[in-house]
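These are the residues of each chain, in order.
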Amino acid sequence: MPGPSSSPTVGEEITAEAVLAELDAILTEVVGDDLLLDGPLAMDTSFDEDLQLESIEFVALAEKLLITYGERVDFVAWMATMELDDIIALTVGQVVDFVVESLAAVPGGG
Amino acid sequence: MPHVQANGLSFHVQELRGGPSEGTSNGSSDSPAAVARPKVVMLHGLVIDNLSSWYYTIAHPMALEADVHLYDLRGHGRTEQPASGYSVDENVDDLVALLDHWGIDEPVHLFGNSFGGVVSLAMAHRHPERVASLFLIEAHFAVEGWGEHMAGSLALAAFGLDEDAVQDWLAENADRKLSRLAKRSERFLMETSLIDDLQAEKPIDWLAEIACPTFAIYGSESDILDRARELEAKVPGCELEIVPGSSHSLLTEESNLIRERALAWIARTQRG
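If you read the sequences in order, they're chains G and D.
Residue numbers for the first sequence follow the numbering used here, beginning at 1 and rising by one.
Residue numbers for the second sequence follow the numbering used here, beginning at 1001 and rising by one.
The reader is advised that the hints may include incorrect statements.
Stated by the list, open to error - Mimicking SDA-like on lysine to any residue, the simulated pairs with C-alpha atoms at most 25 angstroms apart in a straight line are: (1) Lys1183/D x Gln52/G; (2) Lys1039/D x Thr81/G; (3) Lys1183/D x Ser46/G; (4) Lys64/G x Trp1102/D; (5) Lys1177/D x Leu1189/D; (6) Lys1177/D x Arg72/G; (7) Lys64/G x Leu1189/D; (8) Lys1039/D x Ala62/G; (9) Lys1039/D x His1127/D; (10) Lys1039/D x Leu84/G; (11) Lys1177/D x Gln94/G; (12) Lys1177/D x Thr15/G; (13) Lys64/G x His1127/D.
As the list claims (entries may be wrong) - Only part of the chain G face toward chain D is listed, based on derived beta-carbon distances under 8 angstroms: (14) Asp50; (15) Gln52; (16) Leu53; (17) Ile56; (18) Val59; (19) Val76; (20) Ala77; (21) Met79; (22) Glu83; (23) Leu84; (24) Ile87; (25) Thr91; (26) Gly93.
No lab work stands behind these hints, which were simulated from the structure alone.
Just so you know, even glycine gets a beta-carbon here, dropped at the ideal spot from N, CA and C.
Chain G with its partners taken away, still in its complex shape:
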């Protein structure tokens, strides 16, 4: 097992697998033992339908995600493009892809 996850550093490629694992850890942190999940967290798992996440729990999850990945992930702009139904229908994979694309799109700053 790898050690505790840490913030990505410049030049490091962030894979969907890594973000998925991070999201899994955050979910457990936010929801605790009460998490509804038969089997591993998958890209097509939906927050509302499958995980039965309360909306206030999704807020907490998004926040921890931002703390983990920092300002390079412009969550506000992304959420602003979505309508209520889109947010309710969000899947794990959509969030993972958004994070991966955000981190890939921005140069490391050096």
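Based on the hints, put chain D in the right spot on chain G.
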């Protein structure tokens, strides 16, 4: 979860700030970097509601234009739930304490949904110098018999005293998030002074004293449409819109429309 201590309680807050960040400018001279962004605070409704109803609807688009502050009202969401202190005035005291905590001394644009609407109105009445405008969605406020009505509508929402209705409702909605919400809401109603405090509210007789620009929007099928007419008649210059076919759940039923109106309102009132 960011929590801040204000007015003796621990509040769950979310601050959203989007749009072009400083330092990313490509040197274009017309970027109005010196123009201050409007400050917006959004107040949600009662018991089953929390800041997520804003977070899921208009908070993010608004955060591209303004600094948006959300918080769970006392007793709600992830804010502390004291045994008592649920009057409108105490909610106003909370808002004042939070504005102080955030260091906001300029007038803010208040967005109030349902019960958040009456807190916003009362804030504008008690502290007019701190309120730039009011955007009210299905605002509830005390008229004659208000306490009975609030308690009645809470019971109708199946969290109240009608045991059969609660059981039926839970059976139909026996999924995780709703049953958790129902349990928390029942605790809120049974173990705090919320209902007593609301029933003790006096009818508002100061609407004519509201001095800031005010927009009110209600659904044509709302059970509190009389409040819309009262706002229009009494609040000076109040603009009223009635959305055909919508109910008291206007924010979620018509979130796109509310989003458009909210962005237009901020652009207009900030310019003025």
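Does the structure keep lysine 1177/D and leucine 1189/D at a Cα separation of 25 angstroms or less? holds (18 angstroms)
Given hint threonine 15/G paired with lysine 1177/D - CA-CA distance at most 25 angstroms: violated (31 angstroms)
Report holds or violated for the interface hint on threonine 91/G, using the least CB-CB distance to chain D and a cut-off of 8 angstroms. This hint is violated: threonine 91/G lies away from chain D, its Cβ roughly 16 angstroms from the closest one there, beyond 8 angstroms.
Quick check on the hint: aspartate 50/G CB to chain D CB, less than 8 angstroms? violated (11 angstroms)
For lysine 1039/D and leucine 84/G, compute the direct alpha-carbon distance and say whether it is at most 25 angstroms. holds (23 angstroms)
Does the structure keep lysine 64/G and tryptophan 1102/D at a Cα separation of 25 angstroms or less? holds (21 angstroms)
Take the shortest C-beta to C-beta distance between isoleucine 87/G and chain D; is it under 8 angstroms? holds (5 angstroms)
Need the status of pair lysine 1039/D, histidine 1127/D: alpha-carbon distance at most 25 angstroms? holds (16 angstroms)
Given the hint that lysine 1183/D pairs with serine 46/G, test it: the Cα-Cα distance must not exceed 25 angstroms. holds (24 angstroms)
Pair hint lysine 64/G and leucine 1189/D, alpha-carbon separation not exceeding 25 angstroms: violated (31 angstroms)
Next item in the hint list is leucine 53/G. Is there a CB on chain D closer than 8 angstroms to its CB? Holds, about 7 angstroms.
Proposed proximity, glutamine 52/G with lysine 1183/D (alpha carbon, max 25 angstroms): Judged against 25 angstroms, a Cα distance of about 16 angstroms means the pair holds.
Hints 6, 7, 12, 13, 14, 25, 26 from the earlier list are contradicted by this structure; the remaining hints agree with it.
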